[in-house]
Amino acid sequence: MESINFDLNSTPLREINQYLHGAPETLKGKSVTIANPNGAHNIAVGLKADLEVTIQGHAGYYAAGMNQLAKVSIEGSAGTGVAENMMSGMVHVKGFASNAAGATAQGGLLVIDGDAGLRCGISLKGADIVIGGSVGSFSAFMAQAGNLVILGDAGEALGDSLYEARIFVRGKVHSLGADCEEKPMQEADRKILVDLLEKSGHADISPDSFKLFGSARTLYNFHVDNAGAY
Amino acid sequence: MKTPQTLPRFSATFDPHSISEIRRAAATGIYDIRGGGAKRKLPNFDDLLFLGASVSRYPLEGYREKCGTDVVLGTRFAKKPIHLKTPVTIAGMSFGALSGPAKESLGRGANAAGTSTTTGDGGMTPEERGHSSILVYQYLPSRYGMNPDDLRKADAIEVVIGQGAKPGGGGMLLGQKISERVAHMRCLPEGIDQRSACRHPDWTGPDDLEIKIAELREITDWEKPIYVKIGATRPYYDVALAVKAGADVIVLDGMQGGTAATQEVFIEHVGIPLLAAIRPAVQSLQDLGMHRKVQLIVSGGIRNGADVAKALALGADAVAIGSAALIAIGDNDPLLEDEYRKLGTTAGAYDDWHEGRDPAGITTQDPELMKRIDPVMAGRRLANYLSVMTMEAQVIARACGKSHLHNLEPEDLVALTVEASAMAKVPLAGTDWIPGQRY
Ligand SMILES: Cc1cc2nc3c(=O)[nH]c(=O)nc-3n(C[C@H](O)[C@H](O)[C@H](O)COP(=O)(O)O)c2cc1C
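Just so you know, the sequences run in chain order V and C. Anchor point for the first sequence: position 27 equals 26 in numbering that gives the first Met the number 0, and the numbering is continuous, going up by one each time. Anchor point for the second sequence: position 438 equals 437 in numbering that gives the first Met the number 0, and the numbering is continuous, going up by one each time.
Everything labelled a hint here was simulated from the structure, so no lab data went into it. Possibly wrong hints are sitting among the right ones.
To be verified - Cut-off 30 Å, straight-line C-alpha distance, at most; resulting in silico cross-link-like pairs (DSSO-like, lysine-lysine):
1. C:K78 <-> V:K27
2. V:K70 <-> C:K152
3. V:K171 <-> V:K190
4. V:K182 <-> V:K29
5. V:K27 <-> C:K152
6. C:K84 <-> C:K341
7. C:K292 <-> C:K38
8. V:K171 <-> V:K93
9. C:K79 <-> C:K1
10. V:K27 <-> C:K79
11. V:K29 <-> C:K424
12. V:K29 <-> C:K84
13. V:K210 <-> V:K198
14. V:K198 <-> V:K93
15. V:K93 <-> V:K70
16. V:K171 <-> V:K210
17. C:K424 <-> C:K78
18. C:K424 <-> C:K79
As the list claims (entries may be wrong) - Derived list of chain V stretches under chain C, where covered just means 3 residues or more per stretch with a C-beta under 8 Å from a C-beta of chain C:
19. 10-21
20. 32-45
21. 117-124
22. 131-139
23. 149-155
24. 199-209
What the hints assert, rightly or not - Anything over 10 Å on all C-beta distances counts as not near chain C; from chain V, calculated:
25. D6
26. G64
27. M184
Computed from a predicted structure; not experimentally measured. Yeah, the Cβ is synthetic: ideal placement off N, Cα and C, and Gly gets one too.
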């Protein structure tokens with residue numbers, strides 16, 4: 000596989016991103032490394048080609064934001080909004096992720112090996128997120144579609160105002176948000192969970208150790224008796 | 000002898016509208032939701048007058064001497080700024096709130112006039128892109144329908160922080176209007192209420208906004224102008240922070256600005272009128288040395304060429320219209336009076352846009368109702384109206400001796416009321432007094 004190596008110490012971010020926005024046919028199958036990211040923001044945002052990008056260290060805000068098709072691997076930790084609004088492809092954070100990881104993502108898979116901060120998967124719109132560690136409060140707030148798999152614990156108000164997304168939690172849930180409730184795990188849910196555990200390198204973990212949470216759907220249409228919950 | 004009777008006396012405080020609201024609230028237990036902007040009387044551009052030329056200034060000859068109207072937006076950072084023939088743009092109104100044919104009409108009208116249209120909450124439809132030569136793509140807290148492909152297809156990007164009708168509020172599209180297509184675009188089930196968040200999910204505060212704007216620029220390779228839209232509340236500080244965060248263009252929406260659906264209490268009681276917001280915004284740009292470098296678009300209750308000329312004279316670069324554009328394409332048309340009556344209202348007052356039963360086929364997703372609007376005809380009417388507004392503004396500018404609308408200045412204006420004088424910072428007519436400034 001052809002490998003192209005960039006160093007953020009010597010090449011400006013603009014130049015690297017411009018390269019990564021090249022014609023998808025030309026970039027397809029290429030492997031790109033980015034050395035010395037040192038927490039820079041907006042690394043590898045807006046990719047639209049089926050290539051592999053390795054960020055060799057810590058990334059700042061919005062790493063791999065709006066990703067399409069690409070496989071982006073972050074060897075350190077990621078700042079706020081990693082893989083925000085991802086459409087497809089895969090983003091793998093080997094360290095921890097800060098707030099709003101995978102916010103509004105519509106497709107693709109985000110894997111975080113460590114913990115994720117507040118509002119992980121906020122307004123999720125169809126993507127899958129697997130967190131090896133725990134997530135902060137308000138995770139999956141208003142999540143509309145997709146799956147959030149949490150191997151560790153969840154903070155306060157998990158799944159507040161949830162729509163149709165599924166939340167699988169293996170550890171402790173500090174509290175559930177408005178309209179989020181535990182659901183019986185059906186065969187279809189189990190299949191989704193098994194598949195995601197496999198894809199994220201956790202095939203050894205039993206799906207039976209998870210609980211499923213979803214929307215009670217009581218806030219779907221405004222009703223005066225629910226006013227206190229809005 | 001008959002005892003003289005006092006006449007029944009109604010309260011000025013408990014006026015008929017307040018009384019009916021108390022009854023309605025008591026019966027339903029729900030606040031009133033409606034479309035449109037603030038309906039109460041507010042200080043506005045009617046409280047300002049142009050002085051015109053005479054002995055000390057000389058005017059330009061109507062029809063013969065040129066009076067430019069064009070405007071370039073996004074000159075600060077964007078590789079591809081937008082060039083409009085008229086400083087009147089079409090404000091962001093969502094597909095979902097508006098029907099497909101209504102959006103098409105707006106696109107056709109704007110194209111003919113050489114100006115831009117704007118998407119809204121819910122994303123960009125291919126039809127909308129197709130019918131608008133210059134299309135601004137809104138980037139909203141809900142991110143409904145937000146797609147990087149559409150971001151790249153846009154001519155400019157508008158980061159929406161707030162709206163004049165509801166600064167600090169999110170959006171709401173009630174289940175009745177959620178057709179299959181609208182639901183699909185927003186990744187939600189059909190027929191349920193769609194609450195749009197009031198804060199962006201992945202940034203909080205001006206420092207984050209700067210990084211967010213940088214992300215949008217990186218993704219679109221620094222080509223597109225990036226606007227930041229704010230509801231008028233603390234314009235001096237909000238404008239300064241938006242400029243610091245890297246905006247190319249500021250969109251400032253006053254409290255008269257329309258909405259598709261918001262609580263009445265929000266529309267009428269939060270935010271400040273456009274008249275009060277322009278000068279602090281312009282002052283902020285001037286203090287930063289950015290006036291005319293970061294362009295200012297203002298909206299909220301703009302109706303005619305005089306409003307346009309006054310907004311520009313106070314320092315704006317362009318205006319945006321929402322409600323007026325809807326009226327031009329047929330909203331609240333008296334020809335539909337019978338149908339408005341059936342809905343318990345009357346032409347000119349219909350504002351239950353969230354219910355999706357608009358007889359004019361504009362604020363609805365009902366396939367039958369939307370057939371009533373002919374996008375070619377409606378687009379033509381909007382083009383006519385935009386052209387009239389532009390010509391009216393030129394009439395005023397020439398009378399003030401200006402060869403371009405942008406040469407209008409506060410010095411051309413006086414105020415009719417003390418309030419307007421204080422807000423617009425132009426003297427009360429016939430005096431040299433501006434409250435808070437002299438003596
Ligand atoms: C039907 C309707 C829908 C609107 N939808 C949006 C929207 O999606 N996003 C937004 O920023 N503003 C929205 N607005 C506000 C307009 O963009 C604009 O700020 C306002 O209409 C300007 O004031 P005017 O109506 O007095 O011209 C909407 C307004 C109306 C009337």
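The hints, checked one at a time:
1. As the CA atoms of C:K78 and V:K27 are separated by approximately 27 Å, the hinted pair is consistent with the 30 Å bound.
2. This hinted pair checks out: V:K70 and C:K152 have alpha carbons roughly 24 Å apart, not beyond 30 Å.
3. At most 30 Å may separate the alpha-carbon atoms for a hinted pair to count; V:K171 and V:K190 meet this at roughly 22 Å.
4. For the given pair, V:K182 sits about 43 Å from V:K29 by alpha-carbon distance, which is inconsistent with the 30 Å threshold.
5. Pair hint V:K27 plus C:K152 holds up; C-alpha atoms about 22 Å apart against a cutoff of 30 Å.
6. A distance of roughly 42 Å separates the Cα atoms of C:K84 and C:K341; the hinted pair therefore is violated under the 30 Å criterion.
7. Simply put, C:K292 and C:K38 have alpha-carbon atoms about 34 Å apart, too far for the 30 Å limit, and the pair is violated.
8. At most 30 Å may separate the alpha-carbon atoms for a hinted pair to count; V:K171 and V:K93 meet this at roughly 23 Å.
9. Only pairs whose Cα atoms come within 30 Å are accepted, and C:K79 paired with C:K1 is rejected, the gap being roughly 82 Å.
10. Taken as a hint, the V:K27 and C:K79 pair is honoured in the structure, with Cα atoms around 28 Å apart against an allowance of 30 Å.
11. With a CA separation close to 61 Å, the supplied pair V:K29 and C:K424 exceeds the 30 Å bound.
12. Of the supplied pair hints, the one linking V:K29 and C:K84 is violated, its CA atoms being roughly 45 Å apart against a limit of 30 Å.
13. Under the criterion of a C-alpha separation no larger than 30 Å, the hint pairing V:K210 with V:K198 is consistent with the structure, at around 19 Å.
14. A threshold of 30 Å between alpha carbons decides the hint, and for V:K198 with V:K93 the separation of about 15 Å falls inside it, so the pair holds.
15. Of the supplied pair hints, the one linking V:K93 and V:K70 holds, its CA atoms being roughly 13 Å apart against a limit of 30 Å.
16. Between V:K171 and V:K210, the direct Cα distance comes to roughly 10 Å. Compliance with the 30 Å bound is thereby established for this hinted pair.
17. Simply put, C:K424 and C:K78 have alpha-carbon atoms about 36 Å apart, too far for the 30 Å limit, and the pair is violated.
18. As the CA atoms of C:K424 and C:K79 are separated by approximately 35 Å, the hinted pair breaks the 30 Å bound.
19. Under the rule that three or more residues need a Cβ within less than 8 Å of chain C, the assignment of the stretch 10-21 of chain V holds, with 5 such residues.
20. For the stretch 32-45 of chain V, the stated coverage by chain C is satisfied: 4 residues place a CB nearer than 8 Å to a CB of that chain, which reaches the threshold of 3.
21. Coverage of the stretch 117-124 of chain V by chain C holds in this model, with 4 residues showing a Cβ closer than 8 Å to a Cβ of that chain against a need of three.
22. Here the stretch 131-139 of chain V counts 0 residues with a CB under 8 Å from a CB of chain C, which misses the bar of 3, and the coverage is violated.
23. Counting residues of the stretch 149-155 of chain V whose CB falls under 8 Å from any CB of chain C gives 0; the rule of at least 3 is not met.
24. Counting residues of the stretch 199-209 of chain V whose C-beta sits closer than 8 Å to any C-beta of chain C gives 0, which falls short of three, so the coverage hint is violated.
25. Look at V:D6: its CB is around 18 Å from the nearest CB on chain C, clear of 10 Å, so calling it non-interface holds up.
26. With a minimum CB-CB distance of about 5 Å to chain C, V:G64 fails to clear the 10 Å threshold, and the non-interface call is violated.
27. For V:M184, the shortest C-beta to C-beta distance to chain C comes to about 21 Å, beyond the 10 Å cut-off, and the non-interface label holds.
When held up to the earlier numbered hints, the structure conflicts with 4, 6, 7, 9, 11, 12, 17, 18, 22, 23, 24, 26 and fits the remainder.
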